[in-house]
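J.: Taking our numbering, the leading residue of the sequence shown gets -19, the next gets one more, and so forth.
Hints are computed from structural coordinates only; laboratory data are not their basis.
Where hints are given, some of them may not hold.
Taking CB as the label site, the calculated pair distances span [what the hints assert, rightly or not]:
#1 Pro352 / Ser250: 29 to 37 Å
#2 Glu313 / Thr356: 22 to 30 Å
#3 Thr124 / Pro248: 54 to 62 Å
#4 Gly298 / Glu56: 37 to 45 Å
Under the rule of at most 20 Å between Cα atoms (straight-line distance), these lysine-lysine pairs were calculated in the PhoX-like manner [claimed, not checked]:
#5 Lys379 / Lys340
#6 Lys158 / Lys147
#7 Lys258 / Lys379
#8 Lys379 / Lys339
#9 Lys76 / Lys114
#10 Lys187 / Lys172
#11 Lys258 / Lys338
#12 Lys1 / Lys36
#13 Lys338 / Lys306
#14 Lys86 / Lys126
#15 Lys126 / Lys147
#16 Lys338 / Lys379
#17 Lys256 / Lys340
#18 Lys86 / Lys158
#19 Lys258 / Lys340
#20 Lys187 / Lys379
#21 Lys316 / Lys339
#22 Lys338 / Lys316
#23 Lys306 / Lys316
#24 Lys258 / Lys306
#25 Lys1 / Lys147
#26 Lys339 / Lys256
#27 Lys258 / Lys172
#28 Lys316 / Lys379
#29 Lys114 / Lys86
#30 Lys258 / Lys316
#31 Lys172 / Lys158
#32 Lys256 / Lys316
#33 Lys379 / Lys256
Even for Gly, the Cβ is constructed at its ideal location relative to N, Cα and C.
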Amino acid sequence: MISVVGGFYIERCLHPHFSEKFGSGLRACHAIRNLDLNVELDFHTFVPSDEEFNLKVAGSTLNMVVNPYSSAQSIEFHYDHPLRPPVIIPRPDLIKQAGPICLDAKNVLYYGMLEGNAILHGDKVVYDPQSPVKPIAFNLTGSTAKELAVVVNHREASLVANATDEKSIVDFFFNIEKAAILVLKMGPKGAKVFLSDGSSEIIPVYKTNSVWPIGSGDVFASIFAYYWMEMNLTANEAAEKASFMTALYCNSKNFWFRTSAKQEFIQPLSISDYPKGKVYLAGPFFNFAQKWLINEAYLSLLGLGMQVFSPWHDVGEGTVDQGVAKADIDGLEECKIVFAVVDGLDSGTLFEIGYAIKKKIPVIVYVENETPESLTMLTGTFCIIEHDFTTALYKCLWKLAENE
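Make a model of the complete structure from these sequences and hints.
T.: Set out below in structure tokens:
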């Protein structure tokens, strides 16, 4: 049996459109149930009274026991796009705190929640603090575990440990948290497993045709928990399973792991460090909408760990007489890849793409609204053309990493 403790939240994304009731806890239950139709599941979560019916429906659908704990309000996560930090409604500092969820169980998957904490005692516990702002250390929740595995993204680990270097982070989780296993999730770089005996192993990320990262951390932790707690795999084996199946989820937005497990297009990529080469960000910035998109691409590329040269950010708006064109080309000469926003078929952007192709610099094209006929030259010169913003950004990182 696996007891899941975690959030039950509304999630909305503006583009691509997405509106579902998930949260870390319910998403984990979906993932585990699709791995194993027979494993016993019970779900513990905070829920306002007007959402209890929906929770019961979810329990019936997934053939699991649901345990509601009263909370004051529904919580929503609103994303402009999957790589943008969500707007949380109500604002986190206005969320009324509920009393703790108390639980004694053999196997527990525990996600941090916004409405309150859990005080649990288990034999095997997987803990994911799940907070981009104020993650809580496991020992501060009042919980205990005979064997604790912490699965946490690198940013949250830094906040919990109050440290930025890997050694200090690892020391904190083994010496203070008394973890047996630490899994550091590193987004597009994959993950790294640390064991209490001092050993470690890099778990590769998997390249996919499409990338849907919302909820990917939830899925990773749940699959790791299933294979480590229920199937008794080693931490490294469980993390490798989790990385591969999370890629299936990111590629499809669904949990059909069993029917998708042999898809050949999902390929491993080990990235030991973020690429050093720069990305040239090409695209028009003549009006508010264009500037907003270029700025989103700029921030997202930086957020994925890449160095970026952006004509708008690094050179600015100006004229030929002011040397703008030369400064842009000088910047392009220093870059190892081009990320181009092509909607509108801006002449400057198309020139930069042609220049890059002549210099044998790879080009990732993000485009939504142009016809295939308009993109003939780009297709014929082997540009990587993507119609999804997040997928294009990830493929930029993967291509850059492969070329180093």
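J.: Each hint should be assessed against the structure and marked as holding or not.
T.: Right, here's what the structure says about each hint:
1. Taken as a hint, the range 29 to 37 Å holds for the pair Pro352 and Ser250, whose Cβ atoms sit roughly 35 Å apart.
2. Look at Glu313 against Thr356: about 27 Å separates their beta carbons, and that is inside 22 to 30 Å.
3. Separated by about 36 Å at the C-beta atoms, Thr124 and Pro248 break the suggested range of 54 to 62 Å.
4. Separation of Gly298 from Glu56 is about 42 Å and conforms to the stated range, judged on CB atoms against 37 to 45 Å.
5. Annotation: proposed proximity of Lys379 to Lys340 holds, straight-line Cα distance about 13 Å (limit 20 Å).
6. For the hint linking Lys158 to Lys147, the alpha-carbon distance of about 15 Å falls within 20 Å, and the restraint holds.
7. Straight-line distance between C-alpha atoms of Lys258 and Lys379 comes to about 12 Å, which keeps the hinted pair within the 20 Å bound.
8. With a C-alpha separation of about 16 Å, the suggested pair Lys379 and Lys339 falls inside the 20 Å cut-off, and the hint holds.
9. The straight-line distance between the Cα atoms of Lys76 and Lys114 is roughly 16 Å, inside the 20 Å bound, and the hint therefore holds.
10. As the CA atoms of Lys187 and Lys172 are separated by approximately 17 Å, the hinted pair is consistent with the 20 Å bound.
11. Of the supplied pair hints, the one linking Lys258 and Lys338 holds, its CA atoms being roughly 18 Å apart against a limit of 20 Å.
12. Only pairs whose Cα atoms come within 20 Å are accepted, and Lys1 paired with Lys36 is accepted, the gap being roughly 13 Å.
13. A distance of roughly 17 Å separates the Cα atoms of Lys338 and Lys306; the hinted pair therefore holds under the 20 Å criterion.
14. For the proposed pair Lys86 and Lys126, the alpha carbon gap of about 10 Å is at most 20 Å, so the pair holds.
15. For the given pair, Lys126 sits about 24 Å from Lys147 by alpha-carbon distance, which is inconsistent with the 20 Å threshold.
16. Using a Cα cut-off of 20 Å, the hinted pair Lys338 and Lys379 holds, with the two alpha carbons roughly 18 Å apart.
17. Note on Lys256 and Lys340: the hinted pairing holds, with a Cα-Cα distance of about 18 Å set against a maximum of 20 Å.
18. Of the supplied pair hints, the one linking Lys86 and Lys158 holds, its CA atoms being roughly 18 Å apart against a limit of 20 Å.
19. At most 20 Å may separate the alpha-carbon atoms for a hinted pair to count; Lys258 and Lys340 meet this at roughly 15 Å.
20. Between Lys187 and Lys379 the CA atoms are separated by roughly 10 Å; this keeps the pair inside 20 Å, and the hint holds.
21. Pair hint Lys316 plus Lys339 holds up; C-alpha atoms about 10 Å apart against a cutoff of 20 Å.
22. Taking the CA atoms of Lys338 and Lys316, the gap is near 13 Å; set against the 20 Å cutoff, the hint holds.
23. Restraint check: the Cα-Cα separation between Lys306 and Lys316 comes to about 18 Å, which is no more than 20 Å; the hinted pair holds.
24. A C-alpha spacing of about 18 Å is found between Lys258 and Lys306, which places the hinted pair at or below 20 Å, so the restraint holds.
25. With a C-alpha separation of about 38 Å, the suggested pairing of Lys1 with Lys147 is violated against the 20 Å cut-off.
26. Distance hint between Lys339 and Lys256 is fulfilled; the C-alpha atoms sit about 19 Å from each other, no more than 20 Å.
27. With a C-alpha separation of about 25 Å, the suggested pair Lys258 and Lys172 falls outside the 20 Å cut-off, and the hint is violated.
28. This hinted pair checks out: Lys316 and Lys379 have alpha carbons roughly 10 Å apart, not beyond 20 Å.
29. With a C-alpha separation of about 28 Å, the suggested pair Lys114 and Lys86 falls outside the 20 Å cut-off, and the hint is violated.
30. At roughly 6 Å between alpha-carbon atoms, Lys258 and Lys316 fall within 20 Å of each other, so this suggested pair holds.
31. Between Lys172 and Lys158 the CA atoms are separated by roughly 18 Å; this keeps the pair inside 20 Å, and the hint holds.
32. A hinted pair counts as satisfied when its Cα atoms are at most 20 Å apart, and Lys256 with Lys316 qualifies at roughly 9 Å.
33. The hinted pair formed by Lys379 and Lys256 meets the criterion: a straight-line CA distance of about 13 Å does not exceed 20 Å.
Figure legend: structure checked against the earlier numbered hints; hints not met, in rising order: 3, 15, 25, 27, 29.
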